[in-house]
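Engineer: Kindly produce the complete structure, drawing on both the sequences and the hints.
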Amino acid sequence: SIAEEKGLEYHFHINETEEVDHPNTVDITMVNEDGQTLTVRGESLGGGKIRISRINQVDVDFTGEYSTVIVVQQDKPGVVAHITKVLSDKGVNIAFMRLFRESKGNTAYTIVESDGHFPEGIEEPLKNNPNVHDVMIIEP
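Take 13 as the starting number for the sequence shown in the working numbering and just add one per residue.
Just so you know, the hints here were simulated from the structure itself, not pulled from any lab data.
Keep in mind that the hints are not guaranteed to be accurate.
Stated by the list, open to error - Lysine-lysine pairs mimicking DSSO-like chemistry, simulated, CA-CA at most 27 Å apart:
(1) Lys88 - Lys61
(2) Lys88 - Lys102
(3) Lys139 - Lys102
Quantities reported herein were computed from a predicted structural model and do not represent experimental measurements.
Structural biologist: The structure is reproduced here in C-alpha cells:
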C-alpha cells in the first residue's frame, strides 16, 4: 500500500531456478526514471533483523543496523584512501569497513558503517574521484 501511495510500480516473481543459502531471501530489482538498474539481495534473519548479501551480482555482507555508506567504484589503487580521507575530514567514526569486488580491477563496493549519522552532503566529496561511480547512504 505504501508503494501504491507513492506511485511506485512493482511486481513479484518467484524464482524457482536459483538455489539460495538462506530460506528467507528476496532479490529486489529497482529501475529509476533514467533506466539505471540496481539489484539487491536481502535475507530476513528473524526478529526484525536483515542482512544484505548481494548488490548487482557482487556478494557483500552488512545489516543496515548502523549508518552505512556504499561506494560503488573501480577497483583501483587510492580509491579506499580517498574514501577514508573524506570520512576523516568530515569527522566520521568508522565502526566497520569492508571492500567487496567482482574481480581485480573491476567494479568494487566499499561499505563503511558508522555508529553516528553521516554528515549532510557527504556524497559529493566522496564522488570527487574519477574512479567512484556512485554513493549510497543508508540511515537506520
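Engineer: Checking against the hints above, which ones are violated?
Structural biologist: 1
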